[in-house]
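**Q** So the sequence lines, in the order shown, correspond to chains A, B and C.
Quick note, in this note's numbering, the first sequence goes up one by one and the last residue is 603.
Quick note, in this note's numbering, the second sequence goes up one by one and the last residue is 928.
Quick note, in this note's numbering, the third sequence goes up one by one and the last residue is 1315.
Please note that the accuracy of each hint is not assured.
So the derived list for chain A, only partly shown, Cβ under 8 Å to chain B, looks like this [to be verified]:
| hint | residue |
| --- | --- |
| 1 | G89 |
| 2 | S175 |
| 3 | K249 |
| 4 | T251 |
| 5 | A253 |
| 6 | D256 |
| 7 | Q257 |
| 8 | H270 |
| 9 | D273 |
| 10 | P282 |
| 11 | S306 |
| 12 | D309 |
| 13 | D316 |
These are computed hints drawn from the structure, not numbers from a lab.
Since the model is a prediction, treat every value here as computed from it, not as a measurement.
For each residue, glycine too, the CB sits at the ideal point set by N, CA and C.
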Amino acid sequence: MTRSLSGRALRYSACAIVASSALALSACSSGGGGANAGPKNNQAQAQQSEKKYSTTKVGTAADSNGPATPVPGAKNGGVLQTYEESDIGHYDPGQIYTANAQDIVSLFERGLTGYKMSNDGTKFTVVGDLATDPGTASNGDKTWTFHLKSGLKWQDGTPITATDIKWSFERLFDSGETNGPTYMQQWLSNTTGAGFRKFYPGPYKGKSLPDSVLSAPDNSTIVFNFKTPHADLPYTLAMPGYGAVEKAKDTKAKYDQMPVSDGPYQIKSHSLDKELVLEKNPNWDPKLDPIRHQYLDGYDIHYGHSTQDTTQRLEDQTGANAKAVSLGNPVDPNSADKVLTTPSIAKYTVQGYEPFNGTITYNMTRLKDYQVRKALSIAMPIKQILTAAGGASAGDLAGNYFSPTMAGWKQTDPYGKLKKPNGDPATAKAMLTKLHKTGMKVTLAYENTPAMQNAAAAIQTTLKQAGVNVQLKDIPRSTYFTQIDVVPNQYDMYMADWGADWPNGDTVIPPLFDGRQIATGANNTAHLNDPYVNKQIDKINAMTDVNQSQTAWQNLGEYILEKDLPGIPTYNWTQVQLYGKDVGGVVYNNVLAMLDPTRLFLK
Amino acid sequence: MLRFLIRRALGALVVLILISAITYGLFWAVPRDPAMLSCGRDCTASALKIIHHNLGTDEPIYLQYWHYMVGIFAGRHFPVGNCPAPCLGYSFDESTPVWPIITGRLPVTISLAIGGSVVFLIVGVGLGMIAAARRGKLIDKVATTLSMFMYSMQIYFLGPIALAILVYGLHLFNNPAYVPFTENPWGWFVGLLIPWAVLATIFVGAYTRMTRSLLIEQFQEEHVKMARAKGMSTPFVFFRYAWRGALSMIITQFGMDFSSLLGGAIITEYTFSLQGLGAFSVEATDKSDLPSIMGIMLFGAALIVIFNAAIDACYAVIDPRVRLN
Amino acid sequence: MSTMTMPAGSPAATGGEAFLSVRDLYVRFSTEDGIVKAVDGLSFDVQRGRTLGIVGESGSGKSVTNLTILGMHNPATTTIGGEIVLDGQELTGASERQLQQLRGNKMAMIFQDPMTSLSPYYTVGRQIAEPFRKHTGATKRAAHERAVEMLAKVGIPQPAQRVHDYPHQFSGGMRQRVVIAMALVCNPDLIIADEPTTALDVTVQAQILDLLLEMQREFGSAIVLITHDLGVVANTADDLLVMYAGRAVERGTVEEVLRAPQHPYTWGLLGSMPSLTTDVSLPLTPIPGTPPSLLDPPTGCPFHPRCRFTEHVSGARCRTERPELPDGRGAACHLTPSQKAELYAEDVAPALGEEAVEAAADAERAADAEAVEDQVPGSTDSEENEQ
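Same shape as in the complex, but just chain A (with noise of 0.2 Å):
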């Protein structure tokens, strides 16, 4: 997932606004008194929801026949109001990259494969959503086909027919699609960057893809044919970017604004950045459905709300207040701590994790020396990181690169970091005198929020306890990442995070520590080239086997972590939401780092 294209920056980006106007609010810095009260001090916590650890595998066949399993005391009937940040903007499936938009468009589109959840949240099978199964590969995993269900509907009613879906990957080629993921795009031109669109122009002027690439053999059969293996393609075609778009009713630009859909719902209404209002889609099957539900009449959402706007709305539970969520905003961090420590407001609350993972990255070009990185490692304050950051309500500390939404997922911690989360200056200092670096000055670059300010602070202080001089470099935040990109650049440590696109490290190693791949403009900003690594890399992306490969990445990352240590890890992102008291099935979806929109009731 890109960095300024994140759901979370996204999320918070009233918050930047707010502060950037200088105006005397506090709301992003939720650092300071409140955040130090951590889950742990509180006696709510008993009361409060949990964060879930979550598995993901690939099912089979069977996971993807529908009904997807009811939720233990639905009940029908009734429109949801949600209240959302900003209008998602766009619609056309092939534009869906952030996270919000990826939640709410789940409702009225689906794709080859999707997430099906369990319904305690803990639990993720890569399923068949249109398709039968989750793919079925062949020729080393470079050939993938799949079957469409029989009885498909789009709204209008006309039949889902593999056309749609070879015309919906088609279309991602034109020049207009800029603003959804391109895995698949490469992956059929064998390309990297935008090369993709030099091999194909897109379908609109009456050429299409060559069967070589992607074929409909028949109406109900898609065919992939990649130069190279791609193991985790059921992850990847389950990213709501991958949805199918009727061919009949392609309008181009237009089509963003109104989409056709074959899920359950479908757009009644679009009132620009004001409200979207979904009604049911008579033409949806739920037997054909393994993961949506249609236990409401229709969803209204509201855009434009704020963090604030909506905690006071969910904290208040009366009237229409409680009959009320925002599926994407999180409590505002000034009011977290009041909401977890209440506990009738904490009973309605959930909290999960988000796919995002912070590190302090060290710049390997300057900062030469693995022992210089290990002592600085184990001076840094990740705890005091994490309170700037907000606290127990905005993560969990991180032992490794990988967050624990990731498929394989297991805790480790080679620096010691869990146990002395506030760093340990003595034994850096007793490491650096031993180097001669004792009086050493680095940089730390980072954005300049409120948070991030904090952040750096307190890394100067504690830092300086073993006797490193740090100069702090605060960064606009609307040119950070340019900066801090830019190879070579004169930072010695930047603060930085990263989300995965899927539950899989392949969308984590590669594009942070492959060595061929450092450049201005990438997200290889340690520069660590280390052979092993690119080597591991290149065997991981050939294995075949899904499972086999998520071990592979954890302990690549494990080895990064212990032997390069490009970066110290910091702190898991999580996320708190509320809901109001009447709405029922609210479970945080670890994979869309949201609300799970489609299994929601009116009790």
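Starting from the known structure of chain A, fit chains B and C onto it as the hints suggest.
**A** Below, chains B and C without anything else, positioned relative to chain A:
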């Protein structure tokens, strides 16, 4: 009179052209390539080129500006979509032309601006008039203190307090929301009552102080004293002479405030989750949606210029020195 | 007893007939710094058809006196004492309503600056007609005709057209004519003109003064003319009151005061005023020092810090004892009449030119004669009038 108005309108046009050129120049002069923003994770030179073409930024800047200006009157075609006149640019983030976004949000902003203005004009100017007429008396001291208090208020402070008390505490009102006047006038009125009151509060303070000091200044004017010396009654002197003199300054200030309110009451809209132009400008800035920012800036500038011209026309009506020179 | 010291028609002589009578007037403003004694025990009378000039430096209380007569002071911060009687009606205790009936009707005011004393927003016709309609109840039409008539009277050409013009369309002199027309529209019995020519070109000044006198002849009004310019008074006024620090310091007919001034302050005013008849080589002698603060006026004679002649008075009387202004012709000064005449003739007049020297010599002789007479027993009947 007509010549004055024509001259003023031409002047406004020149200012608008200058503002548009400067705004345009500023936007493309920033070190940040707008195309980079929508380029994403695997951005390459060729991808950038395509986006530049989509944005129309692969042309020299003077040509870009020319096409932009022509687009306002004739409309434009972008590779990603059509942008009918008046085309203020195409938002790639929203996949729509900017103009319909602005016009779609304008009713919210206009409602907020008009309602808020009515409140602060009536209360602020009224309080200022009472304070000036009874200066030195208790009511003057109360009004002056109150206006100082309100003047030092901030919407982002007052707004949440008003919500906490009136909506969440006492349940006297529902959450503020915009309902189109044409659909439900009563709903429109009730839904905007709290935003109007909060928005007006800070203006009330300023207008009370301004009206009071302008009137007291007028009382010292010889022609106002002359009117008293002629034996005219106190109300007559107050309204026909002192008030008349203060009026033009109040209109000037009001014109400026109102036009900037039409450009979007950013904090008020944000506080009450109203989807007006101010909220749009915040969103566009946050998403670095440059065409939208550009469009809204030009629109705001045009409003201010037009309103200034309108104020000048008002002067001509109320001040014979302007009218007859 | 000389005829010069007690001429007929001297201001205080015929108090009962006075149209405006001010007696022992006190005006005090309370400010943040303290109490300002703007007017401190002032008395004077004006008769119909006569013009009283009030002369003094700025801050001497001239304008305050006149605003007080019109009742246009701010009652919240001003304390008034003494009495003001206009045509038998007591004004100091009058209600605002009663005063409104008098203003613009029985008494009218002409302000200093014609540029600012007309509202820019209304036509001159309307501004002239307003008080006429208010005080006479005339119709709009009649008031309009009256405005045209008044404009014609004050010498505005093409009055029927110009009545529709706005003040900014007139020159400064023309505007002051409009102001006069406005002041006189109800035939007021008392006109108070506060520096009516100060803001005007010198060539226009005389025209405006002539116009005022002409209007006075026609309507028989009493005029109080406030000015800091003795030249203006010399040609216009009948009687003269010299004010200093909120008090009257010298009083008499214009001729008396100008030919034989008795107060060192008046001498100073004359000395600092250029005259066409004097030799150009004679230097102007400004009064040393600055006018006193009215917050904390000097003890004794308020002029003593600036007075060159205090050593001629025995003891420290100038510093300790406040000299009284006698009724009628006289000055508030501790110098004896003969000292005054002598000092003026020897010390002051030579700097004012030949005419002044001659007049001073006459006055000195008269004063000496009087002094001799005073020593003759049986001639005390004249003392009452003199002191």
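**Q** All hints, please: hold or fail.
**A** Now for the hints, and whether the structure bears them out:
About 5 Å separates the beta-carbon of G89(A) from the nearest beta-carbon of chain B, less than 8 Å, and the hint is met. Hint on S175(A) holds. Least Cβ distance to chain B is approximately 5 Å, under the 8 Å limit. Against a cut-off of 8 Å between C-beta atoms, the interface hint on K249(A) is violated, since the closest Cβ of chain B lies about 16 Å away. Using the Cβ-Cβ criterion of 8 Å, the hint placing T251(A) at the interface with chain B is not satisfied: the shortest such distance is roughly 10 Å.
Interface hint status for A253(A): upheld, as the beta-carbon distance to the closest one in chain B is roughly 4 Å, under 8 Å. Hint on D256(A) holds. Least Cβ distance to chain B is approximately 4 Å, under the 8 Å limit. At a threshold of 8 Å, the smallest CB-CB gap from Q257(A) to chain B is about 7 Å, leaving the interface hint in force. The criterion of a C-beta within 8 Å of any C-beta in chain B is not met by H270(A), whose closest approach is roughly 11 Å, and the hint is violated.
Restraint check, D273(A) versus chain B: the minimum CB separation of about 5 Å is within 8 Å; hint holds. Taken as an interface hint, P282(A) does not check out: its beta carbon lies about 28 Å from the nearest beta carbon of chain B, beyond 8 Å. At about 7 Å, the closest approach between the beta carbon of S306(A) and any beta carbon in chain B falls short of 8 Å, and the interface hint on this residue holds. Annotation: interface hint on D309(A) holds; nearest CB of chain B at approximately 5 Å, less than 8 Å.
Residue-level restraint check for D316(A) holds (minimum Cβ-Cβ distance to chain B is 5 Å; threshold 8 Å).
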